[in-house]
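Heads up: the sequence shown runs through residues 509 to 654, numbered per the numbering used here.
Please note: incorrect hints may appear among the correct ones.
Stated by the list, open to error - The list that follows gives simulated cross-link-like pairs (lysine to any residue, SDA-like), each with its CA atoms no further than 25 Å apart:
1. Lys-511 x Leu-636
2. Lys-562 x Phe-581
3. Lys-607 x Ile-525
4. Lys-562 x Asn-546
5. Lys-572 x Asp-532
6. Lys-610 x Met-544
7. Lys-607 x Phe-530
8. Lys-529 x Leu-563
9. Lys-592 x Asp-554
10. Lys-521 x Met-509
11. Lys-511 x Arg-531
12. Lys-521 x Lys-572
13. Lys-632 x Ser-653
14. Lys-511 x Ser-645
15. Lys-511 x Gly-651
16. Lys-521 x Lys-607
17. Lys-562 x Asp-533
18. Lys-607 x Asp-630
19. Lys-562 x Lys-626
20. Lys-592 x Asp-519
21. Lys-610 x Ile-518
22. Lys-542 x Lys-610
23. Lys-511 x Asp-589
24. Lys-542 x Ser-645
25. Lys-632 x Asp-554
26. Lys-562 x Met-544
27. Lys-529 x Met-544
28. Lys-607 x Glu-641
29. Lys-619 x Asn-586
30. Lys-607 x Met-617
31. Lys-619 x Asp-591
32. Lys-607 x Leu-590
33. Lys-607 x Asp-589
34. Lys-632 x Ile-615
35. Lys-542 x Leu-590
36. Lys-632 x Ala-565
37. Lys-619 x Gly-594
38. Lys-619 x Met-544
39. Lys-592 x Ala-528
By construction, these hints were calculated from the structure, which means they are not laboratory data.
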Amino acid sequence: MLKGEYSHNIDPKGRVIIPAKFRDDLGEHFVITKGMENCLYVYPEDEWTAFEEKLNALPTTTDKKARAFAHFFQGSANDGDLDKQGRTLIPPALRSYAKLEKEVVFIGMGKRAEIWDKARWDEKNAELELTIEDIASDMEESGFSI
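Start from the sequences and build out the full structure, keeping to the hints where you can.
Structure (structure tokens):
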């Protein structure tokens with residue numbers, strides 16, 4: 509289970525250390541793709557396969573939104589591999605999409621990890637801290653309780 513928050517730097521070649529606590533769950537081979545809110549999603553291979561099966565079941569031939577949804581995730585998906593130092597290369601197109609330059613934050617989200625630009629994550633996290641009580645209330649109305 510991927511959980512927690514870890515900060516690392518991207519080197520000039522676009523490589524970043526995968527947090528040691530995430531390596532067992534992600535494995536040596538994983539998938540990095542675009543995520544919501546200009547972050548990146550990192551899936552263990554088995555979770556990516558399950559997600560991709562759902563994407564492949566969408567009516568992408570006839571439904572424009574389904575096609576766009578599949579394009580967004582599958583079209584940007586890249587294989588990630590760990591080198592001997594526990595690093596992976598984030599391709600330039602994904603670094604650009606997520607506005608990753610130097611400092612990044614890995615966020616564990618259970619079945620996947622997210623990679624955020626540190627400044628953008630700090631900004632988002634500050635907003636969340638101000639609104640979490642309202643969000644929790646809305647979640648309770650939807651049947652989720654803490």
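Now the hints, each set against the structure:
no., hint, verdict
1, Lys-511 x Leu-636, "holds (17 Å)"
2, Lys-562 x Phe-581, "holds (12 Å)"
3, Lys-607 x Ile-525, "holds (17 Å)"
4, Lys-562 x Asn-546, "holds (22 Å)"
5, Lys-572 x Asp-532, "violated (37 Å)"
6, Lys-610 x Met-544, "holds (20 Å)"
7, Lys-607 x Phe-530, "holds (22 Å)"
8, Lys-529 x Leu-563, "violated (29 Å)"
9, Lys-592 x Asp-554, "holds (22 Å)"
10, Lys-521 x Met-509, "violated (29 Å)"
11, Lys-511 x Arg-531, "holds (12 Å)"
12, Lys-521 x Lys-572, "violated (37 Å)"
13, Lys-632 x Ser-653, "holds (23 Å)"
14, Lys-511 x Ser-645, "holds (23 Å)"
15, Lys-511 x Gly-651, "holds (23 Å)"
16, Lys-521 x Lys-607, "holds (15 Å)"
17, Lys-562 x Asp-533, "holds (21 Å)"
18, Lys-607 x Asp-630, "holds (14 Å)"
19, Lys-562 x Lys-626, "violated (31 Å)"
20, Lys-592 x Asp-519, "holds (15 Å)"
21, Lys-610 x Ile-518, "holds (5 Å)"
22, Lys-542 x Lys-610, "holds (18 Å)"
23, Lys-511 x Asp-589, "holds (20 Å)"
24, Lys-542 x Ser-645, "violated (29 Å)"
25, Lys-632 x Asp-554, "violated (29 Å)"
26, Lys-562 x Met-544, "holds (17 Å)"
27, Lys-529 x Met-544, "holds (23 Å)"
28, Lys-607 x Glu-641, "violated (29 Å)"
29, Lys-619 x Asn-586, "holds (18 Å)"
30, Lys-607 x Met-617, "holds (20 Å)"
31, Lys-619 x Asp-591, "holds (22 Å)"
32, Lys-607 x Leu-590, "holds (22 Å)"
33, Lys-607 x Asp-589, "holds (21 Å)"
34, Lys-632 x Ile-615, "holds (12 Å)"
35, Lys-542 x Leu-590, "holds (19 Å)"
36, Lys-632 x Ala-565, "violated (33 Å)"
37, Lys-619 x Gly-594, "holds (20 Å)"
38, Lys-619 x Met-544, "holds (15 Å)"
39, Lys-592 x Ala-528, "holds (12 Å)"
The structure fails hints 5, 8, 10, 12, 19, 24, 25, 28 and 36 (numbered hints given earlier, in ascending order).
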